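Chemist: Letter by letter, the chains look like this.
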Amino acid sequence: MNFRYLPMTESDRREMLQVLGRDSVDQLFEDIPENLRFKGRLNIPEGMSEPVLTRHMKRLAGKNASFDQYTSFLGAGAYEHYIPSVVNHVISRSEFYTAYTPYQPEISQGELQAIFEFQSMICELTGMEVANSSMYDGVTALAEAAGVASAVSRKKKILVSRTVHPEARFILNTQAKGLGLDVQEIPCRDGVTDIDALKAASDADTAAVIVQSPNFLGNVEDLKQIEPIAHTHKGLLIVSANPISLGVLKPPGEYGADIVVGDAQPMGIPVQFGGPHCGFFAVTKKLMRKVPGRIVGQTQDENGVRGFVLTLQAREQHIRREKATSNICSNQALNALATSVWMIALGKKGIQELAKLNLNKAHYAKERLSRISGVQPLFNHPFFNEFALQLNRPVSQVNRKLFDRGIIGGYGLEQDYPEWKHSMLIAVTDMRTKEEIDELARVLEGLV
Amino acid sequence: MSEAKSLIFEMSQPGRTAYSLPESDVPEVDVSGVLPEEMIRTSPAELPEVSELDLIRHYTELSRRNHGIDNGFYPLGSCTMKYNPKINEDVARYPGFAHIHPYQPEETVQGALQLMYELQKDLAAITGMDRVTLQPAAGAQGEWTGLMMIKAYHESRGDTKRYKVIVPDSAHGTNPASATVAGFEAVTVQSNEKGLVSVEDLKQVVGEDTAALMLTNPNTLGLFEQEIKEIADIVHQAGGLLYYDGANANAILGKSRPGDMGFDVVHLNLHKTFTTPHGGGGPGSGPVGVKDVLVPFLPAPVVEKGDQGYFFSYDFPKSIGRVKGFHGNFGMLVRAYTYIRTMGPDGLRRVSEDAVLNANYLMKRLEPYFDVPYPEVCKHEFVLSGNRQKKEGVRTLDMAKRLLDFGIHPPTVYFPLIIEECMMIEPTETESKETLDRFIEAMIQIAKEAKESPEIIQEAPHNTQVSRLDEVTAARKPIVRWHKN
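For the record, the sequence lines run as chains G and H.
So in full-length UniProt numbering, spot 303 of the first sequence is number 303, and the numbers just go up one at a time.
So in full-length UniProt numbering, spot 248 of the second sequence is number 248, and the numbers just go up one at a time.
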């Protein structure tokens with residue numbers, strides 16, 4: 001079998017071995033102790049030719065029900081939105097995708113400038129002053145934010161609303177075990193953070209208050225009331241936001257948030273079974289030197305020409321080693337690039353129009369579905385593009401029936417919130433048509 | 001000659017658009033009717049307004065100012081900048097992989113689960129481990145995941161006094177940082193004169209407080225830790241566990257397995273060893289393999305196979321919990337799986353053989369011109385020291401910049417920290433002998449220039465779009481975003 005990625009010929013090999021004064025490549029592995037040399041063949045399937053492999057991969061992909069064949073109302077942290085064609089074309093330029101972190105700025109100005117523009121647009125959207133070049137995803141960014149808050153305040157107590165994405169809270173708890181954080185959950189009342197409970201829990205030991213808005217249940221949180229609770233005792237306010245919602249919602253920065261995190265996935269990144277997505281991390285100017293991960297800064301070259309470099313590196317693991325407050329090295333740069341292209345394509349006007357379209361569709365859907373007998377809205381709060389419905393039978397049962405009719409139903413809330421039995425979280429984005437929403441209503445009418 | 005490229009914001013003209021959205025087919029809501037006035041955004045985000053062609057020309061120009069593997073040689077040590085196969089990119093974009101939701105019922109995503117299940121098994125076979133989690137998003141997250149499992153393991157045994165993680169002085173910066181983030185104290189073990197972990201020093205450092213030793217093998221000098229068995233015994237006898245940093249796994253595929261060396265936990269970097277693209281900094285993927293003793297602590301879920309097909313198993317009673325949203329960087333898993341199926345067992349073995357041959361060839365050919373701290377035999381990478389050139393007034397940084405004039409990405413420089421004026425060179429197996437010879441010629445020319453006309457090197461680069469950049473001012477007076485006006 002030939003290997004198209006391996007260019008070395010037999011005569012190359014002979015020549016090179018001759019230079020080395022060796023008879024065989026095996027001699028180059030003699031520094032591995034005899035008993036540690038792997039003697040057999042790796043127990044993995046045989047290599048495939050390109051046509052055979054293509055067929056195999058198509059067959060595997062074909063075993064999955066994709067949004068191209070089914071109408072999806074599933075969100076819960078990963079959303080199907082409009083992605084202009086230009087996004088994939090730009091990120092397919094291999095000058096970008098086959099490069100690594102821009103350590104050599106003279107031959108990496110393209111990536112560096114693209115990140116600088118990403119940082120700027122994330123700041124614009126969130127209303128913050130500084131953003132980094134990306135994090136793994138929104139939920140790990142939230143856990144990192146808790147770490148920053150603890151390091152800055154030298155306090156350990158983290159108050160996190162129970163309306164924050166369940167996976168974000170799981171990861172925060174894992175992270176807390178390493179950092180020694182004391183994570184306390186604030187209950188929710190009527191689908192939003194219980195303000196009184198938050199007030200009662202917040203004290204001089206509180207490093208941060210973490211909320212998500214729109215929250216996991218789709219409801220917009222009252223950040224105006226939450227902000228002073230976080231700040232009264234000199235804790236930080238950390239807000240996780242859906243970036244597209246910021247086309248219409250007041251950005252967390254304007255409420256006085258100290259750290260804004262979230263996932264850029266809705267902006268140009270396919271859902272792809274949950275990853276890779278792209279976390280963003282934005283802060284006030286005051287916290288600039290506490291941000292984890294890479295940051296790009298503007299400077300000049302020897303001729304006074306504007307250029308860009310990785311900067312404030314004294315924060316990072318490769319300099320600080322065990323004194324670093326974060327261990328992040330690789331990030332999600334290519335997805336940040338996708339998001340940049342998306343934000344530019346949509347532009348100042350498009351993001352507002354798109355946010356409005358989401359608002360229209362979701363409000364139409366909620367009103368339409370709530371008219372079905374056996375279906376009730378679970379909450380009555382301002383929301384963006386996602387809302388919860390109470391059904392009269394198990395969500396999994398309903399979803400199986402919906403699937404038979406070509407519909408991927410919503411997320412069953414009961415697994416994370418046992419008090420809401422038979423409750424379904426439904427996302428209605430710009431991708432859904434009136435016809436599809438009406439079809440969902442018709443099918444549901446026959447089921448409940 | 002230097003020339004600036006305008007920012008996308010500077011190209012913006014009110015009224016231009018590069019998007020196309022449908023008219024609303026449902027009734028328009030009145031925003032102030034559905035949202036309280038004070039929650040509504042009043043000042044729009046200043047995103048650029050450009051046409052589609054403006055956008056494309058902007059990024060085409062930016063891409064011309066960027067060097068990737070597809071542009072030329074990229075021997076960046078410890079990063080394994082090998083060719084990123086095109087078929088991987090195509091496959092990851094199939095709708096059946098790209099347009100599926102992580103919360104869809106398992107029976108509707110059997111292809112994705114099968115892929116994950118088989119990849120778990122393949123990676124276990126390659127590393128000699130028992131089980132694998134695909135959740136971690138990158139190598140550093142894999143390290144942290146592994147250390148959190150080690151922490152949970154000790155605690156589950158009531159062994160609560162183990163707070164130290166030992167890392168060699170040649171370790172990647174992420175190792176000590178991950179130890180700190182996982183709540184341990186990082187302590188250093190010295191290298192000996194051969195560039196390997198000093199067993200003597202290890203015996204001094206190890207003790208009842210040792211939680212783990214983190215090791216890269218071959219290490220960051222490109223040397224195989226020959227005494228690994230003894231090292232493993234010392235750590236295990238003290239009650240600690242062994243962590244394998246898989247950054248350098250490209251040297252040992254089918255040649256040696258961390259599981260056989262005595263390691264308890266392993267992470268792999270799919271974006272290094274298994275050809276998923278580095279993307280300008282990410283996304284990566286950092287699966288973690290463990291021996292049986294650590295299986296109960298794996299982050300759930302892990303994909304398993306049952307009578308009804310593939311499913312997510314959450315049956316890990318002592319799980320450290322989730323480390324990453326959803327199911328890890330699935331798109332990267334698709335690419336790595338495609339690569340492993342392309343190569344098979346014979347192909348992967350040849351990958352490491354060719355990678356090692358290439359590195360040794362480079363080292364041998366460059367030996368007359370540069371100081372080679374460890375000239376015996378290397379694995380997939382090796383280090384040079386620029387000390388000889390430093391005496392001529394030329395620093396390693398200068399030589400790195402001079403390489404740019406040859407269209408070559410410089411090696412990793414000034415790392416590992418234990419080598420002065422270090423250049424760490426990793427050619428990978430996907431480069432031809434001709435490319436290696438061109439690199440050798442460039443390096444020989446640079447060595448000559450260092451003696452005869454050092455200013456050429458000191459003033460390099462000469463052919464790039466910008467000259468050396470002022471990093472000091474960038475850090476002292478940071479400008480990290482564009483502002484309107």
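None of these hints come from the bench; they were simulated from the model.
Keep in mind that the hints are not guaranteed to be accurate.
What the hints assert, rightly or not - Heads up, simulated DSSO-like pairs for lysine-lysine below, C-alpha to C-alpha not over 27 Å straight-line:
id: 1; chain 1: G; residue 1: K285; chain 2: H; residue 2: K86
id: 2; chain 1: H; residue 1: K203; chain 2: G; residue 2: K156
id: 3; chain 1: H; residue 1: K203; chain 2: G; residue 2: K39
id: 4; chain 1: G; residue 1: K58; chain 2: H; residue 2: K391
id: 5; chain 1: H; residue 1: K164; chain 2: G; residue 2: K290
id: 6; chain 1: G; residue 1: K323; chain 2: H; residue 2: K477
id: 7; chain 1: G; residue 1: K323; chain 2: H; residue 2: K203
Stated by the list, open to error - Label pairs and their calculated CB-CB ranges:
id: 8; chain 1: G; residue 1: R289; chain 2: H; residue 2: K484; range: 21 to 27 Å
id: 9; chain 1: G; residue 1: R289; chain 2: H; residue 2: T60; range: 30 to 36 Å
id: 10; chain 1: H; residue 1: P454; chain 2: G; residue 2: H233; range: 56 to 62 Å
What the hints assert, rightly or not - Residues from chain H that keep clear of chain G, each with C-beta distances beyond 12 Å, as calculated:
id: 11; residue: G15
id: 12; residue: D70
id: 13; residue: K82
id: 14; residue: G139
id: 15; residue: K203
id: 16; residue: A238
id: 17; residue: K390
id: 18; residue: K401
id: 19; residue: P454
id: 20; residue: E459
Note that the structure is a prediction, hence the values are computed from the model and not measured.
Ideal Cβ positions, reconstructed from N, Cα and C, are used throughout, including at glycine.
Chemist: Does each hint hold? Answer for all of them.
Modeler: Verification of the hints:
1. K285/G x K86/H: violated (41 Å)
2. K203/H x K156/G: Roughly 36 Å separates the two Cα atoms, so the pair is violated.
3. K203/H x K39/G: violated (31 Å)
4. K58/G x K391/H: violated (59 Å)
5. K164/H x K290/G: Given that 27 Å is the threshold and the Cα spacing comes to 25 Å, the pair holds.
6. K323/G x K477/H: Roughly 24 Å between the alpha carbons, so the hint for K323/G and K477/H holds.
7. K323/G x K203/H: holds (25 Å)
8. R289/G x K484/H: 21 to 27 Å: holds (25 Å)
9. R289/G x T60/H: 30 to 36 Å: holds (35 Å)
10. P454/H x H233/G: 56 to 62 Å: 60 Å Cβ-Cβ, so the 56 to 62 Å window holds.
11. G15: At roughly 8 Å from the nearest Cβ of chain G, G15/H sits no farther out than 12 Å, so the non-interface label is violated.
12. D70: violated (4 Å)
13. K82: violated (8 Å)
14. G139: G139/H is in fact no farther than 12 Å from some Cβ atom of chain G, at 7 Å.
15. K203: holds (20 Å)
16. A238: The assertion about A238/H holds, with a minimum of 20 Å to chain G.
17. K390: Given a closest Cβ separation of 20 Å, the condition holds.
18. K401: violated (7 Å)
19. P454: Its Cβ never comes within 12 Å of chain G, the nearest being 17 Å, so this holds.
20. E459: Violated, because the least Cβ-Cβ distance between E459/H and chain G comes to about 9 Å, which does not exceed 12 Å.
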